[in-house]
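Participant: As a plain string of letters, each chain reads:
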Amino acid sequence: MAVLSPYLYTGGVHKHGLLIELLEDLGGYLIQKVVTGTEVNLIMLIPKKDVPIVKKQSDKLLGIITEAPLTGVEIAIVSPTLASHHLPHSACDVAESLRSPGANTNMIGLARGMGRRVSLSMDYERKLINEHDIAVFTFGAFSDCIINKKPKLFEGIEIPIVVTGGPDLKTEEVPGADLYVGNIGRTSHRLRKADEVNALDKLSKEIGKIADDIRRQQSKDPLSVIPAKVMTEIENQIPEIHSALSPAPLTLQLDGIRVKLPYDEFHEKIEKLEFDEGVILSELANISRSKMKNYILIKIKSKSEVGFAI
Amino acid sequence: MDSLETFVVDSVIASEQEFYRKIIEDNLASLKLAPAVGRIKVVLRPGDSLFQMVIILRDVGSKIKTVDIADVESKSFAKKIIISIKTEQYIPELLEKLWEFYGKANISQPDRLTVVISTDRSEEEAAFIREMMVADPRHRIHENLVDFAIRVTPEGFRVRYHLYKGNRFIFVASEEALKNEWIVEAEEMLEELTGAGEK
Numbered sequence: 001m002a003v004l005s006p007y008l009y010t011g012g013v014h015k016h017g018l019l020i021e022l023l024e025d026l027g028g029y030l031i032q033k034v035v036t037g038t039e040v041n042l043i044m045l046i047p048k049k050d051v052p053i054v055k056k057q058s059d060k061l062l063g064i065i066t067e068a069p070l071t072g073v074e075i076a077i078v079s080p081t082l083a084s085h086h087l088p089h090s091a092c093d094v095a096e097s098l099r100s101p102g103a104n105t106n107m108i109g110l111a112r113g114m115g116r117r118v119s120l121s122m123d124y125e126r127k128l129i130n131e132h133d134i135a136v137f138t139f140g141a142f143s144d145c146i147i148n149k150k151p152k153l154f155e156g157i158e159i160p161i162v163v164t165g166g167p168d169l170k171t172e173e174v175p176g177a178d179l180y181v182g183n184i185g186r187t188s189h190r191l192r193k194a195d196e197v198n199a200l201d202k203l204s205k206e207i208g209k210i211a212d213d214i215r216r217q218q219s220k221d222p223l224s225v226i227p228a229k230v231m232t233e234i235e236n237q238i239p240e241i242h243s244a245l246s247p248a249p250l251t252l253q254l255d256g257i258r259v260k261l262p263y264d265e266f267h268e269k270i271e272k273l274e275f276d277e278g279v280i281l282s283e284l285a286n287i288s289r290s291k292m293k294n295y296i297l298i299k300i301k302s303k304s305e306v307g308f309a310i
Numbered sequence: 311m312d313s314l315e316t317f318v319v320d321s322v323i324a325s326e327q328e329f330y331r332k333i334i335e336d337n338l339a340s341l342k343l344a345p346a347v348g349r350i351k352v353v354l355r356p357g358d359s360l361f362q363m364v365i366i367l368r369d370v371g372s373k374i375k376t377v378d379i380a381d382v383e384s385k386s387f388a389k390k391i392i393i394s395i396k397t398e399q400y401i402p403e404l405l406e407k408l409w410e411f412y413g414k415a416n417i418s419q420p421d422r423l424t425v426v427i428s429t430d431r432s433e434e435e436a437a438f439i440r441e442m443m444v445a446d447p448r449h450r451i452h453e454n455l456v457d458f459a460i461r462v463t464p465e466g467f468r469v470r471y472h473l474y475k476g477n478r479f480i481f482v483a484s485e486e487a488l489k490n491e492w493i494v495e496a497e498e499m500l501e502e503l504t505g506a507g508e509k
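Sequences listed follow chains E and L, in order.
Under our numbering, the first residue of the first sequence carries the number 1, and numbering increases by one thereafter.
Under our numbering, the first residue of the second sequence carries the number 311, and numbering increases by one thereafter.
Source of the hints: derived by calculation from the structure; they are not laboratory data.
This structure is a prediction, so every number in the text was calculated from the model and none was measured.
Be aware that one or more of the hints could be misleading.
Said to hold, decoys possible - With a straight-line Cα cutoff of 25 Å, these simulated DSS-like cross-link-like pairs (lysine-lysine) come out:
1. Lys332(L) x Lys193(E)
2. Lys385(L) x Lys396(L)
3. Lys170(E) x Lys396(L)
4. Lys149(E) x Lys489(L)
5. Lys260(E) x Lys291(E)
6. Lys299(E) x Lys229(E)
What the hints assert, rightly or not - Take a look, some chain E residues computed to stay more than 12 Å from chain L by CB distance:
7. Thr10
8. Met107
9. Glu206
10. Asn236
As the list claims (entries may be wrong) - So these bits of chain E aren't anywhere near chain L, every CB distance computed over 10 Å:
11. Val118
12. Lys205
13. Asp221
Where a beta carbon is used, it is the ideal one built from N, C-alpha and C, also for glycine.
Please build the complete structure, drawing on both the sequences and the hints.
Facilitator: Structure below.
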């Protein structure tokens, strides 16, 4: 199977169709296309050996092509609550800084996550967070809270946990966290000072490393079908997805895909999705009702579980 | 008293002090409270889940009448009153009062600083408008001060005590039941802060 590398193209709308056609001819995948006025952003997976060809075409169109290491990663930004204490800064700034390298982010405000002794998370919230690839918890200014009190919110979270906060702590000091990034605590202003922007850059870089780790683990026992291929088939076989109004109606994850269509109406169609190789999706993946609204969640089984890969 | 002549944030860990100072500064700025606050002291004790804040306000001035912020002219022939505004700050409050009395249909605003009212009794009405109270800065500051206190307190600290008397404001918040000594401590802080300017 060809190795695919994630890239982001930014350029004018004029003739960008040529790039999409080239990508399809090369066997790459278009993950997301965002048109804003006369500009277009394309997030793509390009076969590694063909990257120079796509670069050449993008140069011809006077566009810019950059690596987007977080493409195909869905990240949960978890804030203790949705009160003005945490939003819009710094939680939104964190989410924004993760979207530019290609990630899809969802903001989750816990119902009762605030405070020290009283903070807690609900079963429903934990399940919702576990549907993502990586969880980022945005905490406040006090090291005592971050070290001693807040880690109880991590109970039941099975995905990698990234913590942001004000004080400069080491990752080992925060029990249960896979990564701690300081200097992004509770603020009431936009994060645009040099040290704050540096902290955000560090955060997205380190999360990129975590995503790479997950991919490396995955390559030992690869998925039976890559999520991008499922995405293309859904686009071809279920036309309703084109009229879904949710942002990113098909959201890629490292080991699955979130389909933003109502479960009851569409889950059978998704289960019976056919591939050229003659198999249907329900043989390759678990399809369930997502905790997010009434969406469909596809988690793809590994090659060892299915016995073959396409 | 000058604005913000004392601004103290006290915490066990020095770096957290700086962080919290920034939060308080930002919120003072966004609620436009900075000119009104004379001295402020905040003590943070995350170990005890305790937040204490005392504020001494500057003299914020008296109630504001239309005549303080605008020229009111009556044109009895044209059956109109023309208000030329000098201080832009209070336009929203003034318009709201005028709409209430004369109705939106009778009021036009040809440009930002001019308001024209159509009325049959222009002389009497003009006299009334001149003496009409437009805004009470004290009331506005009280509202903003409570909002400010809630915004800067750590969110989980939902047990609160506050006292607003004259130009003094005490605010104590915690996650646990409040201890009386914490309030006494805050009162002592206020005494200290009051004394700070008299030396």
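Participant: All hints are to be evaluated individually against the structure, with a verdict given for each.
Facilitator: For each hint, the structure was consulted:
no. : hint                  : verdict
1   : Lys332(L) x Lys193(E) : holds, 13 Å
2   : Lys385(L) x Lys396(L) : holds, 19 Å
3   : Lys170(E) x Lys396(L) : violated, 57 Å
4   : Lys149(E) x Lys489(L) : holds, 22 Å
5   : Lys260(E) x Lys291(E) : holds, 12 Å
6   : Lys299(E) x Lys229(E) : holds, 13 Å
7   : Thr10                 : holds, 33 Å
8   : Met107                : holds, 16 Å
9   : Glu206                : holds, 21 Å
10  : Asn236                : holds, 47 Å
11  : Val118                : violated, 6 Å
12  : Lys205                : holds, 23 Å
13  : Asp221                : holds, 43 Å
Checked against the numbered hints given earlier, the structure breaks hints 3, 11 and satisfies all the rest.
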